[in-house]
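Those letters in the sequence shown? Residues 153 to 355, by this note's numbering.
Because the hints were derived from the structure by calculation, they are not lab data.
Cβ coordinates follow ideal geometry from the N, Cα and C atoms, glycine included.
Keep in mind that the hints are not guaranteed to be accurate.
Ranges of calculated distance between the beta carbons of each label pair, as one might list FRET restraints [stated by the list, open to error]:
(1) PRO344 - PRO200: 28 to 34 Å
(2) PRO227 - ALA335: 31 to 37 Å
(3) GLY313 - CYS354: 25 to 31 Å
(4) ALA311 - ARG155: 25 to 31 Å
(5) PRO227 - ARG351: 16 to 22 Å
(6) ALA310 - ALA220: 33 to 39 Å
(7) GLY245 - LEU197: 14 to 20 Å
(8) ALA352 - ALA272: 17 to 23 Å
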Amino acid sequence: MQRWSVVVPAKRLAVAKTRLGPTGTRAAHEELVLAMLGDTLDAVLACPAVASAWVVTDDPRAAAVAAALGARVVPDAPAGLDAAVDHGARASGNPLVAALHSDLPALRTDELAAALSAAAAVRRAFVADADGTGTTLLAVTDGVLDPAFGPGSAAAHAASGAVPLDGGWPGLRRDVDTPAHLAEAARLGTGPRTRAALRAACA
153 MQRWSVVVPA KRLAVAKTRL GPTGTRAAHE ELVLAMLGDT LDAVLACPAV
203 ASAWVVTDDP RAAAVAAALG ARVVPDAPAG LDAAVDHGAR ASGNPLVAAL
253 HSDLPALRTD ELAAALSAAA AVRRAFVADA DGTGTTLLAV TDGVLDPAFG
303 PGSAAAHAAS GAVPLDGGWP GLRRDVDTPA HLAEAARLGT GPRTRAALRA
353 ACA
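Starting from the given sequences, assemble the full structure and let the hints guide the process.
Laid out in structure tokens, this is it:
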């Protein structure tokens, strides 16, 4: 089986998920962000197609969560998300490398395995988010991610020659930026950390 390195960038908690709005106190908001990271990494590290997970972050609490789960932590690059992803890809040293968002609390291991299996058949592939405009997963087989994350990233990745992967994979496609996204992820069924963080925020 071909095995992948998965790079997961994680922002500093002070600036993470600002569009999500208030989820209880500031502390509760940060706990929710960490919980989503933890649930995402749980699914990644349980995937038989994954050799290693690399979390790119300068946040000490995010780094601690990642390390405790068995991911490797890489200090963040200073020039934004795309630079951070490229930095993690280079650190992995694996030509089979994928970038994955950290806010996929409903991700299932079998979804990720299926997407990576499909990605292995081409040089460059991506999974669009549930809205069809963003990207939740970008995977390459030659070690060169050259990402274009941000608004309109699905179109940008398609224009770069990446093949859109068509699997259903609702948990892989549902990143969480807004309260509506969080509600949808909850309907799909989040991992235990996110469920606990949501219960605590509502208590």
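For the range 31 to 37 Å, tell me whether the beta carbons of PRO227 and ALA335 fit it or not. Check passed, 34 Å falls within 31 to 37 Å.
Status of the given 25 to 31 Å range, CB of ARG155 versus CB of ALA311: holds, 29 Å
Take a look at whether the Cβ-Cβ distance between GLY313 and CYS354 falls inside 25 to 31 Å. Once the Cβ atoms are compared, 45 Å apart, the range 25 to 31 Å for CYS354 and GLY313 is violated.
Could you see if the CB distance from GLY245 to LEU197 stays within 14 to 20 Å? holds, 18 Å
Quick check on a hinted range of 17 to 23 Å for ALA352 and ALA272, using CB atoms only. violated, 39 Å
Cβ distance range 33 to 39 Å for ALA310 and ALA220, holds or violated: holds, 37 Å
Please test the hint of 16 to 22 Å on the beta carbon pair from PRO227 and ARG351. Distance hint for PRO227, ARG351 is violated at roughly 33 Å.
Could you check the hint for me, namely that PRO344 and PRO200 are 28 to 34 Å apart, CB to CB? violated, 21 Å
In this structure, the hints that do not hold are numbers 1, 3, 5 and 8, in rising order.
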